[in-house]
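**Q** If you read the sequences in order, they're chains A and B.
According to my numbering, the first sequence is numbered sequentially starting from 1.
According to my numbering, the second sequence is numbered sequentially starting from 1001.
These are calculated hints, taken from the structure and not from any lab test.
Be a bit skeptical, because a hint or two may be false.
Stated by the list, open to error - Among the chain B residues that face chain A by a calculated CB cut under 8 angstroms, a handful are:
id : residue
1  : PHE1151
2  : PHE1158
3  : THR1222
4  : TRP1223
5  : THR1225
6  : LEU1245
7  : SER1248
8  : LYS1252
9  : ASP1268
Please read all numbers here as calculations on a predicted model, not as lab measurements.
We put the beta carbon where it would ideally sit given N, CA and C, even for glycine.
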Amino acid sequence: MGRLRFLARRLAMLLATLLVSSFIIFSALYLAPGNPIAVLSGGRTLPPESVKVLEERYHLDKPFLEQYAIWLGGAVHGDLGISIALRQNVSSLIAARIWTTAALVLYASIIIVLIGVGIGLLAGLRPGLLDTSAVVATSFSAAIPSFVAAILLILLFSVRLGWFPVLGNGTGLWGTAYHLTLPAFALAISALGIVARVTRASVREELQREHVQTAVSRGIPYAKLIRRHVLRNAAIPITTITGITIASLIAIAAVVERAFGLNGLGAYLVGAANSKDFAVVQGISLVLVTAFVVVNVIVDILYAVLDPRVSLESKAE
Amino acid sequence: MRGLGERRAALALGLAFGLFAAACSGRSVDDSATPSGGAGQSIDLATTTPAGTQPVDSIVWSVYRETNSLDPIYAFDYPENTVLSVLCETLLHQEPDGSITSGLADLTYPNDTTMVFTLKPGITFWDGKPMTPDDVAYSLERNTDPKLGGFYGATFDFVRSIKATGPNEVTIELKQPDYWLAGELASTPGWIVEKAFTEAAGADFGSAAGGIMCSGSYKLGTWKTGEGVQVVANEAYWNRDVKPLVGSILFKGTPDEAALTSALQTGDVNGLYSFSLSTLNQLRQDPNVSVTDGAGWNSDAFIVSSFDGALGDVRVRQALSLALDRQGIIDTIYKGAALMPKALSPPGTWGYGREVFQSAWDALPDMTPNIEQAKQLIQAAGAAGKTITLGMSSELNNLAVEAGAYQAAGEAIGLKVKLKSVSAANYINFFIDAKARSGIDGFFTTNYGDYADPAALLGTLVLPTGSQNYSGYSNPQVTKLMNEARATADDNERAQKVADAQAIIMQDLPWIPNALPNSEIITSANLTGATASFAYMFAPWANDLGGKS
């Protein structure tokens, strides 16, 4: 019952968020200077008659609120509108790209969790040379923005070594995994460093805590001690930072997708926003906002699973 | 446990330092320009590359952004034209050297105001249906359908009617003689599509959902937006003299120049047409990549968009032009791969009357900087200390370079130069929005006409009704010569009139030429046969493309 109420409340919040954000994004795009028709002109002058026909076709000649109402009316009926540049249904354009972004973010998340949390745990539990190396390496990786990582990875692994392709999505499960490896590392590398450092710090903190010291003095086996007393308590901050970074990957993915020529939502959003392709920007924003909210709900549920004291019922106050 | 942990951390550390090392030792981009041009430069650039001989399974071809619509009436930019020219065919054909020959049809002029097109026998669309005069008339008329709002309606201004007049014949009746229309029909407005297919596709025609139906040597394969347009060799191509060697071409949008350059080096991308690629010299030195300097048809110019300010005085325009460091622009933006201009239209556009245009070009003065003379012109015009405002975008490197060159030129001769910078996405508004142009004296463009004729670009900017005549420039002599040229049947006579108009235009400078960019064809070293000139925008360029033996 409590879980259901929690989900219902979150769903209502999601809908409200979507409505508000769609209006804000639409307004911002409307206010930004530029003309959506310009994308078709390639830097030369279009005949005014053609511009007029196209503006009527895409309702660009209507007042702002009417344009938004037309879009919203369509959206609640599941019609996200037509892309001006590609003259195609926005839903089908999103459907064609969403799995690339989803796969990329998932791949990067796996890297972050396995390698980031892994390094953090080892560094936290094993002081000495290993810990120092990990601190240096993670400081370094945390400071590499994704677009730099993309260039460096392409230079080293594609141009120099020829191990991975520079561009494209690939086909089939293995083809996709192969093509997405460099992009996923480029996306993960900075977040990986941050997650590793937070993990290391929380493990260190737990190790110093009295109950752990007591457990050590009681002769509890090392593996059990780590599992039951250290990791269990360190899990909350680790989950938080992992959740936040993964949610942020959804936005950063745009940079990586562009650098690797991937057919994903992020790169498409950037292109569409530049050309003021209203319906596309609105559609993709809805998807990204939803994904962001869903990731946060998952993190909240994980809290409850990890720590029985946390109740899904309680409101954040 | 410990060992594994150490290995893992060491791996991470190694990865980090490996990247660092790669960053430090990475190939540096050679920014030094190859020496070029100046006086006595050769204006003879390649129009073709040696035909390929070996079959090639599939290649990836780059375009600067994703292809939007493949409906010919909306094709207005490089990606759409690059793809459409291998798929669809025009009524008349534009050869790589710009000359116009028979395409799908032979053209005769029974009189000055009648054009009769006789379709070649046996032409079929990809679906096997024969091409009929109905398809031709339908395709041409789509250009002028007000409901469709196509971009080429104005080129049919002089057309009274387009009618199927026989089993293989289409007749265009003109209101007055128009010898420019043939050029247009060898270009984007002349692409013929199948009527039945187009009507059935309705609003989806030309999109990834609806596709197109043409008659070219390549046909539309799979088109997933975002991943690219794939075209495949048309085994049943009606013209048996042409056998495409490349099985399929995937046209992929690659907006990122760094990624594009890497992809060319690794073979992930096998070719592209380009001008002003910042990594051109790096690619020239790469043994895996082949670069050919092709004849360009486009012009890099400064558009004087308003005559209300200081630039309204022709002497100030001349002075600005005299003070401009064009070699700097050519070296910085084009890495040397551009011609020093003498006129607005490059030699690549001499599709007819070559000798006439050549001697007119030789007679035009070199555009060598002369600050002293420029200062005298400013004094004579009483313009010293006046301010001019240039529209530009500091986000676009090439525009920033050009605006800098104009600023230096203006200040060297006593003008004050203000720059009005807008975002990259909004730069386009200078072209399409009069409000965006208010308060500025001019902005920069790289522009081209629809076919190989200097008049094709000039007409848009010097005629009072020209679509790119922003300043309201009007010189009765120029207008008269241009209109006479349009009505002149003989090639050399027509060329002479255009050349005479051009000489006046170069005095009046409604636009100031900056450089005449080459059309660079960049491919994997083992590929050859693509058209080298700018004709690739309008005519099949991959018919001879293939592997080297």
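**Q** Is the shortest C-beta separation between LEU1245 (chain B) and chain A less than 8 angstroms?
**A** Since the shortest Cβ distance to chain A is 23 angstroms, the answer is violated.
**Q** Under 8 angstroms is the threshold here; is the Cβ of THR1225 (chain B) close enough to any Cβ of chain A for the hint to stand?
**A** 5 angstroms, holds
**Q** Hey, does the SER1248 (chain B) contact hint survive, CB to chain A under 8 angstroms?
**A** 14 angstroms, violated
**Q** Is the interface hint for PHE1151 (chain B) satisfied, with its Cβ closer than 8 angstroms to some Cβ of chain A?
**A** 5 angstroms, holds
**Q** Once the shortest beta carbon distance from THR1222 (chain B) to chain A is found, is it less than 8 angstroms?
**A** Since chain A brings no Cβ nearer than about 11 angstroms to THR1222 (chain B), farther than 8 angstroms, the hint is violated.
**Q** Can you verify the interface hint for TRP1223 (chain B): is its Cβ closer than 8 angstroms to any Cβ in chain A?
**A** Violated. Min distance 10 angstroms.
**Q** May I ask you to test the interface hint for PHE1158 (chain B) with respect to chain A, counting a Cβ-Cβ separation under 8 angstroms as satisfied?
**A** 16 angstroms, violated
**Q** Given ASP1268 (chain B) as an interface hint, is the shortest Cβ-Cβ distance to chain A below 8 angstroms?
**A** Holds. Min distance 4 angstroms.
**Q** Take the shortest C-beta to C-beta distance between LYS1252 (chain B) and chain A; is it under 8 angstroms?
**A** Since chain A brings a Cβ to about 7 angstroms from LYS1252 (chain B), closer than 8 angstroms, the hint holds.
When the structure is compared with the earlier hints, violations turn up for hints 2, 3, 4, 6, 7 and for no others.
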